[in-house]
Amino acid sequence: MLLNEPYVYSAYLINESLSTISTSIPKGVEDMKTMTFEEFNELKNRWLSNLDFIWLICGHLTENDALEMVRRTESSIKFNKIAFETVSSTRAIFLRDRTVYTLRFVNPGKTQPNAYCKCLFQYDDDGTAVHVMMSLLKEKIFNQLRTQEQLGYIVHSGFHEVAKVNHAFIGVQSSTKDADFLEHRINSLLASLKEKWPFTKKDIKKIVEAKVKATL
Amino acid sequence: MSSYWNKIMKEKTKDFDTVLKVVARYEKVTHQDVKDAFDKLFFEQPRRLNYKAYRLSDVPNEEAIKLNQEFYSGGHF
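Line by line, the protein sequences are chains S and C.
Once you know that position 169 of the first sequence is 168 in numbering that gives the first Met the number 0, the rest is easy, because the numbers rise by one and skip nothing.
Once you know that position 64 of the second sequence is 63 in numbering that gives the first Met the number 0, the rest is easy, because the numbers rise by one and skip nothing.
Hints are computed from structural coordinates only; laboratory data are not their basis.
All values derive from a computational prediction rather than experimental measurement.
Be aware that a few hints might be false.
Stated by the list, open to error - Think about it this way: if two alpha-carbon atoms lie no more than 20 Å apart in a straight line, the pair counts; the simulated PhoX-like pairs of lysine-lysine are: (1) 39(C) / 137(S); (2) 34(C) / 193(S); (3) 65(C) / 195(S); (4) 137(S) / 34(C).
Unchecked claim - Taking beta-carbon pairs under 10 Å as the criterion, some of the chain S residues facing chain C (in silico): (5) 61; (6) 65; (7) 101; (8) 184.
What the hints assert, rightly or not - Simulated DEER-style distance windows between Cβ atoms: (9) 96(S) / 17(C): 24 to 32 Å; (10) 22(C) / 137(S): 19 to 27 Å; (11) 64(C) / 54(S): 54 to 62 Å; (12) 95(S) / 16(C): 32 to 40 Å; (13) 174(S) / 34(C): 29 to 37 Å; (14) 26(C) / 36(S): 23 to 31 Å; (15) 64(C) / 95(S): 36 to 44 Å; (16) 19(C) / 109(S): 26 to 34 Å.
From the three backbone atoms N, C-alpha and C, an ideal C-beta is built for every residue, glycine too.
So that you can see chain S by itself, here it is in the shape it has in the complex (with noise of 0.2 Å):
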């Protein structure tokens, strides 16, 4: 792993200023309070039905052999109950609305010298329209920074969860600009596209179709 490349190093940033490891559950049980009986009934149902040993066993065995390995193993496996106050739990930090967040830090590398700005959105609704929209801009966002402008050779764009939060994120890593200049070229790409939307419902339906093609 190249820690020494700043682009690779924020990943590990990120999950260290954003999210944080509770070794108490007071705040999933509040959390839990506040849902309705049918979304509890949907998460319990889900967890349930997603609690199942899948098993690929490959060699030149039969399928009755294959069957008796898993039936031995799964009969020896111990199944120790879980303390209530041992079950660590993870959470996101909430970014509050209209707010930016800074984090700088220098990258020490000599023989990586980059500098590298990624600058993440946080959202909490199911993120359908968001998936969509940071398809539509993956390949704008591409041939502006890179292509266009030739900022550097890792420009990317996406979205990724956090303890189950969402985060759209646009990363630009240079050897030639400057963090600061980094930022300023995604904000100005921003703004070009607020100010010009110069996506058409068939390019709408081009990428919902694909996602839906993907998910299926």
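Position chain C against the provided structure of chain S, taking the given hints into account.
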């Protein structure tokens, strides 16, 4: 082998009710929804975190800093 394993896992763990719900959500997305999501996420209600790595040789880029401040305070938000 790993691709074979991934294929098996994908088939075995697919919760079709959930898949259909996700598909239904995607199919409902309109052009306006996407535009609204863009405006909300980046401009109207941004919850934003910038990670910036500087090189050892970097000095503050005053011009870019000023432009960024203008972006955040100059009506874009």
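Do the hints match the structure? See the list:
no.: 1; hint: 39(C) / 137(S); verdict: 18 Å, holds
no.: 2; hint: 34(C) / 193(S); verdict: 9 Å, holds
no.: 3; hint: 65(C) / 195(S); verdict: 24 Å, violated
no.: 4; hint: 137(S) / 34(C); verdict: 15 Å, holds
no.: 5; hint: 61; verdict: 19 Å, violated
no.: 6; hint: 65; verdict: 14 Å, violated
no.: 7; hint: 101; verdict: 5 Å, holds
no.: 8; hint: 184; verdict: 9 Å, holds
no.: 9; hint: 96(S) / 17(C): 24 to 32 Å; verdict: 30 Å, holds
no.: 10; hint: 22(C) / 137(S): 19 to 27 Å; verdict: 21 Å, holds
no.: 11; hint: 64(C) / 54(S): 54 to 62 Å; verdict: 57 Å, holds
no.: 12; hint: 95(S) / 16(C): 32 to 40 Å; verdict: 35 Å, holds
no.: 13; hint: 174(S) / 34(C): 29 to 37 Å; verdict: 35 Å, holds
no.: 14; hint: 26(C) / 36(S): 23 to 31 Å; verdict: 28 Å, holds
no.: 15; hint: 64(C) / 95(S): 36 to 44 Å; verdict: 22 Å, violated
no.: 16; hint: 19(C) / 109(S): 26 to 34 Å; verdict: 53 Å, violated
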